[in-house]
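Asks: Heads up: the sequence lines are chains X, P and C, in that order. For the first sequence, our numbering assigns the number 1 to the initial residue and increments by one for each residue that follows. For the second sequence, our numbering assigns the number 1001 to the initial residue and increments by one for each residue that follows. For the third sequence, our numbering assigns the number 2001 to the initial residue and increments by one for each residue that follows.
None of these hints come from the bench; they were simulated from the model. Keep in mind that a hint or two might mislead.
From the structure, some residues in chain C lie toward chain P, with a derived Cβ separation under 10 Å [what the hints assert, rightly or not]:
#: 1; residue: 2087
#: 2; residue: 2110
#: 3; residue: 2111
#: 4; residue: 2112
#: 5; residue: 2118
#: 6; residue: 2138
Idealized CB from N, CA, C, for every residue including glycine.
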Amino acid sequence: MLKDEFFKITGSAKNESGVVTYSVTLNPNHPIFSGHFPGNPISPGVCNIGMIKACAEHELGYGLLLGNIKQCKFKHLITPTEHPDLDIVLDMEEMENGNVKLNAKITKGDIVFMELKGEASCES
Amino acid sequence: MSKEEIIERVVALLSEEFEVEADVITPEANIKKTLELDSLSLVDLVAAIDGEFGIKTNGQEMNQVQTFAELYDFIEKKQA
Amino acid sequence: MIQGEAIKELIPQREPVMMIDTFYGATATEGKSGLTVTSSNVFCENGKLREMGIIEHIAQTSAAFNGVKNKQANGEDSAPKLGYIGEIKKCQITRLPKVGERMETQVVVTAEALNVTLMEATTNIGAETIATCQIKLFEEE
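Chain X with its partners taken away, still in its complex shape (with noise of 0.2 Å):
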């Protein structure tokens, strides 16, 4: 839904503990924008959300319902005029019961512009 659209995956990278980091940018011409606020485009935090989680969804290969959000702290607005490029950091565990612990951040440079802490189960 918001990948291709809202926002495109431009490359991704693992490290050696497993820990990945996808490189994002912002599309400004989405219609989100336009309602979100008129004249002053802020990325709604819950799209903030969506794109930890399709960025999740594409390394997994599969879909997830992100049924537990334990703790979602936004520390620093994304504008895609001042902030276009991003970089999605995931530590994930798939654990035995089926579903995937999730820790992410949404950072660029020295700025952390959000962090989630959750658990998401597997879409059939």
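We have chain X already, so just place chains P and C on it with the hints.
Replies: Chains P and C in isolation, oriented as in the chain X frame:
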């Protein structure tokens, strides 16, 4: 509730809620610095204190409370 | 009860991101809103409203509650303030609403400090609770 009991409960509550060691919560210590509160998390302190002591606090009042000693006085007064 | 275009008096979001179609009213500490899921909803996929749509619906219920309070405090003409989600905690979503289903969300204020409001939200479809969440809303002065 005695002052001692207030202090005991505040220290237990805030050290758990804000994940700090109990011994950093001293009467003279600055609340915001000790608990690393910012403009977004002051409300968490209000919610924690209101929930624990069954009082109703507004943010302006809480924003003026600087040290833990002042917080203990504040709770004592609110309960009276 | 506030519906349709009048919702825009309460919240700053505009199409296609408007995620409440009715605001049922507010007491001093509680507010309630509703949304019927349509296939044209920007957060809909394969006939279901995704997590993002549910959470945005919860956030806008909180925003509309604040919008009502703002009008009570500052007059009917006061425009809704820009607001953002500051934090989400303990957000559980047990199922996604299907197109045509109506969800209703109740928010209860737990605490307020300066321009930040902490609320507990419960989202139902009929008698079934499909989501619960703690949400912190931050409003610009």
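Asks: All hints are to be evaluated individually against the structure, with a verdict given for each.
Replies: Evaluated hints:
1. 2087: Where the cut-off is 10 Å and the nearest Cβ of chain P is about 7 Å from residue 2087(C), the hint holds.
2. 2110: holds (5 Å)
3. 2111: At about 4 Å, which falls below the 10 Å cut-off, the nearest Cβ of chain P leaves the hint on residue 2111(C) intact, so it holds.
4. 2112: holds (6 Å)
5. 2118: holds (5 Å)
6. 2138: At 6 Å from the nearest chain P Cβ, residue 2138(C) passes the 10 Å test, so the hint holds.
Going through the hint list in order, the structure satisfies each hint without exception.
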